[in-house]
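Asks: Single-letter residue listing:
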Amino acid sequence: MTETTGPDKPPTRISKQPNETPAESLSDAPAGVSSDAETPVAATTKSVDVTSPATQADPIQNSNKVPDGIMPLFLTGATQALYKVVIGQDVNEGSKYKMIPKADFLADFQSRLAIGDFYPAKAAVMAYPQDQLLLAYDAEWQYGQNFFLCLTVEAKDALLNPILAEANAAEEPVEQKRSGWVPLGSDKDIEHETVVDNRELVTIKLSRKRKYFGSPCKFMDRDAADGHYEIRTVKDATPEVLRVQLSKAIQSVPVMCDAIMQTIWFKPVNFSAQYESLRLDDAKKDAVMRNPDFSMAVQTVAAKFERPLRLNAIMDIFRDDFADLGEEDVTIDQGSHIALQEYQSFTDLKHSKDRSIACVDWHPAQRGIVAMSCVQRSTQYERIEVGFANRKKALILIWSFFDPIHPQLMLEAPDDILCFRFHPQDPNIVVGGCINGQVVLWDISEHHDRLKQGRKEKLAEVPEIGKEAKVETPVSRYIVVSSIEHSHRAPITDIGWLQKSLEVNKLGDIVDPSDSSQKQLYTTSTDGQILFWDLRYKPEVKLLDLVWRPLFKTSIPTAEGGLEYGVLKISLHPQVEKTVRNQSEGNMSVAAKAAESSSAKDIKEKDEKSFASKFFCATEEGDVVYADWIPEKEDKDGSFCHVEFAAAVHFAPMSDLSRSPFFPDIVLSVGGWSFHIWKEKLSTGPLLSSATAPCFLTACNWSPTRPGVFFIGKEDGSIEMWDLLDKSHGPSASQNVCSAAISSLTIQHLPQSTSGGRSGAQQLLGVGDDEGTLHLLEVPRALSRAAKNEKTFVKAYFEREIQRLQYVAERRIIRAKEKGTWEASTVKLPAKKEELSSTTAPSLSGNKLGDVDSEEREKRYLSWVSATLTCC
Amino acid sequence: MSEVEETIKRLSSHKGVEGIVIVNSEGIPIRSTIDNNLTIQYSALITQLAAKAKSVVRDLDPQNDLTFLRLRTKKHEIMVAPDKEYILIVIQNPHEASS
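Chains as they are written, first to last, in full-length UniProt numbering: chain A, 1 to 872; chain B, 1 to 99.
To be clear, the hints were calculated from the coordinates, so they are not data collected in a lab.
There's no promise every hint is true.
[As the list claims (entries may be wrong)] Using 25 Å as the maximum straight-line C-alpha spacing, the simulated PhoX-like pairs for lysine-lysine come out as follows:
#	chain 1	residue 1	chain 2	residue 2
1	B	Lys-9	A	Lys-285
2	A	Lys-542	A	Lys-506
3	B	Lys-74	A	Lys-788
4	A	Lys-500	A	Lys-542
5	B	Lys-75	A	Lys-500
6	A	Lys-284	B	Lys-84
7	A	Lys-500	B	Lys-84
8	B	Lys-84	A	Lys-285
9	A	Lys-538	A	Lys-519
10	B	Lys-52	B	Lys-75
11	A	Lys-506	A	Lys-519
12	A	Lys-727	A	Lys-817
[To be verified] In silico negatives: residues of chain B with every beta carbon more than 10 Å from chain A:
#	residue
13	Leu-11
14	Gly-27
15	Ala-53
16	Lys-54
17	Val-56
18	Arg-58
19	Asp-59
20	Leu-60
21	Asp-61
22	Asn-64
23	Asp-65
24	Lys-75
For glycine and all other residues, C-beta sits at the position ideal for the given N, C-alpha and C.
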């Protein structure tokens, strides 16, 4: 850098500093070497400036523009000394600014006027607002002079304040002027392309020994391959290079599974649901049955049944022992007074007063309904005398327990009904035997609902007090009467329905019933006839009216003594219902069966059935007749019963027959002053005969629950209760029920009712008396509840009696023999044959007292005694 | 065939026995001592019941099997003995039997 310096010479431009970047230096490249270029330029400018220091620096002269408010001034040395701005002393490059008060300038102006150095700035100084002006030493002759004056406040501030910036700003304007080329990024490319040493160049000094200088050189060829050395990579089998980082991809996806399933499609059907009943035809059935496997299987399986079947026969395993236990206590108090309690009594003032209750029957289905028939207490002659007109209507009154005042229903009959029965299966049919010998039939189905009413309805019917009670009792008329010519010729005394399992055909043979509805009934009357009737005589019941004929007629044949029997009551054998029936046999009568086959089974069946045709009769004559209605084969007539035996034991017309419900072959016959118990097939005599009572015995009935108990009704209106296990010589209890004679006795056992009301079993004794009142008596528990083994005891009792009779009979034979021998030995008289072993013929037809001597008389007396012995 | 008849007669001779029905595995009656309608009813219904009872027994214990079934009702006792191919049904009235 070269400078031409002089004391007043304007300084040359300052060249760039050495710490400048190469870029800066390059920017001045067009200027070449900076110092060299500078000089001529500076020289030119200087030449202009030297001429006039006082003139204002022209902008052209100076490349630096003078800012506004600054006036460059040349100050002489004298001025400098005056204002104390001597260069080198007061001001220098470091401190270039000096504040000169305005007053000094003003003084200067006055003293020196135009020759003063500050004269050109007079106007501005005058106008200067402040008191002090800034005078700055311009060392570089920046504005063309060696000093400059700030004429404005702004210039002063600008100079004073950014003093620091001015130090740097001194260089920068230089650079800014220089750089005319603005780099736009291509410098980076160039920079990138240039090869720059990033390290110092390595200097290698090669030297040769001096002695070898100038020696000849040897050159040889060599293969290029020899000249280079390869450094091969060693492939190590076990590289020790560990892979630190492993790149692996994992995807968590569910494993897919593909599966197929097929369900069996079927509709669930009950395998044994049948749309129509499946059957095998007979051929297939036979084939199956012939199969030996089948029979084997059946036999093995059937063995399993033996035990339970037998066990069931031994005892009922489901029987409630606890409930039965209570009965034991009841029989303990034997000594307690057993009395019949009056439960209710029915009488109708209008219809049943002064009439005798001939028959009482219970409604078979409906609880609490009882019917009674009222008959006049007059003999036949009296009736004829009275005539038809004045007689009261013959009625059967039907009572309900809940209404003792008004009968529920009245059945009208043509004449007095001596006996009647409800149909056991269809209670709407009532059949009755009239006093004129006709059979009368009623159908009360229209009143069925009335009878069905319970207590509540009955109570509701009771009218209020104050209103007149006008309860109308409906009267039902009979629908059928039998034909007069074919009915009985005397009053019908007994009527009854045949059992379910019994049917009689026209010939009187017993046949298997075609259906289980009872359609046949029997009637007996004092004319000795027994008639069997069938409801199916005509297709409809209503058509039977006046044309009804009996199906089969039979009559008790006259006794040997010319006695005609008037049957009062009969008692049929209650046949055992169940027999193993082969349907293929059909409705063959017993006789035909007997004729066809003679196998043991058939005979046994025949025996059973023939048993059923035998019956007991209670006759007017006082005889108990045991007869068989099936006519003998040799008897072509077929109209007479075959009498097995008759016993004249009652000395008056008999009144009642009752068969024991527990022992079907035990019959109780009541008549006259005594009663007797008979066993079927035992013709030697009754099992038990009672002592004669003081009055007539009029009615009898076995207890339906206790095998050894029966009730006897007497003429004095009392009831005797007999208990064979208690004492058999007299009644266990006797109770007076009413003042009139008892005309009928019937008993009903009501089991435990399931619906409301009574909870326990009830046994009711229906007693009809001669005054038209029906008394209902409740049998006490002592008499109605059976003990556990009572049946066996009573059976044993009867067995004993049978044995006694047999013994007696045997003894009599022995004694007769003895007597005969004794007679023969002592008195030579013809021994009378005594038919003592069997009393087939009626032995009582009056004492045959003929002309015989005393021995004969004695013998006859003995025979008479023995005859009576058989009865007692 | 006669053994079958004998067996049936022997079973019927017990007290209170009311009827016997022999049914094959399909529920079709083969031999019966009661009337036809009742037979068909019994065979169809009892076959179902016996099958159900058998399945119950076997479900509870697969080694077990039904040998005998007794159904006690108010009026009767129905006894059922199933075989491999046939079922034998006996109806008894125990009240009549034990009285």
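Asks: If a hint holds in the structure, say so; if it does not, say that too.
Replies: Hints, verified against the model:
About 19 Å separates the Cα atoms of B:Lys-9 and A:Lys-285, which keeps this hinted pair within 25 Å; it holds. Simply put, A:Lys-542 and A:Lys-506 have alpha-carbon atoms about 22 Å apart, close enough for the 25 Å limit, and the pair holds. A hinted pair counts as satisfied when its Cα atoms are at most 25 Å apart, and B:Lys-74 with A:Lys-788 qualifies at roughly 22 Å. A distance of roughly 22 Å separates the Cα atoms of A:Lys-500 and A:Lys-542; the hinted pair therefore holds under the 25 Å criterion.
Note on B:Lys-75 and A:Lys-500: the hinted pairing holds, with a Cα-Cα distance of about 19 Å set against a maximum of 25 Å. In summary, the hint linking A:Lys-284 to B:Lys-84 is supported, as the alpha carbons are separated by about 19 Å, within the 25 Å threshold. The straight-line distance between the Cα atoms of A:Lys-500 and B:Lys-84 is roughly 41 Å, outside the 25 Å bound, and the hint therefore fails. Simply put, B:Lys-84 and A:Lys-285 have alpha-carbon atoms about 18 Å apart, close enough for the 25 Å limit, and the pair holds.
Restraint check for A:Lys-538 and A:Lys-519: satisfied, since their Cα atoms lie roughly 12 Å apart, inside the 25 Å limit. Taking the CA atoms of B:Lys-52 and B:Lys-75, the gap is near 23 Å; set against the 25 Å cutoff, the hint holds. With a C-alpha separation of about 14 Å, the suggested pair A:Lys-506 and A:Lys-519 falls inside the 25 Å cut-off, and the hint holds. Of the pairs offered as hints, the one joining A:Lys-727 and A:Lys-817 is violated, with about 35 Å between alpha carbons and a cut-off of 25 Å exceeded.
With 10 Å as the threshold on Cβ separation, the claim that B:Leu-11 sits away from chain A is violated: the shortest Cβ distance comes to roughly 6 Å. The claim that B:Gly-27 lies off the interface is violated: its Cβ sits roughly 5 Å from the closest Cβ of chain A, which falls inside the 10 Å cut-off. With a least CB separation of 13 Å from chain A, B:Ala-53 remains clear of the 10 Å interface cut-off, as annotated. Distance to chain A confirms B:Lys-54 as a non-interface residue, since its nearest Cβ pair spans about 13 Å, more than 10 Å.
Even its closest Cβ contact with chain A, about 16 Å, leaves B:Val-56 beyond 10 Å, as expected for a residue assigned away from the interface. Non-interface status of B:Arg-58 relative to chain A is upheld: no Cβ of that chain comes within 10 Å, the nearest being about 16 Å off. Remark: the non-interface label on B:Asp-59 is consistent with the geometry, its nearest Cβ contact in chain A lying 17 Å away (cut-off 10 Å). Every Cβ of chain A is farther than 10 Å from the Cβ of B:Leu-60; the closest lies at roughly 21 Å, confirming the non-interface assignment.
Against chain A, the non-interface label of B:Asp-61 holds: every CB pair exceeds 10 Å, the least being about 20 Å. Once the 10 Å rule is applied to beta carbons, B:Asn-64 is consistent with being away from chain A; the minimum gap is 16 Å. Its beta-carbon lying about 13 Å from the closest one in chain A, B:Asp-65 satisfies the requirement of being farther than 10 Å from that chain. For B:Lys-75, the requirement that its beta carbon stay farther than 10 Å from each beta carbon of chain A is met, with the minimum near 12 Å.
This entry does not satisfy hints 7, 12, 13, 14, going by the numbered hints stated previously.
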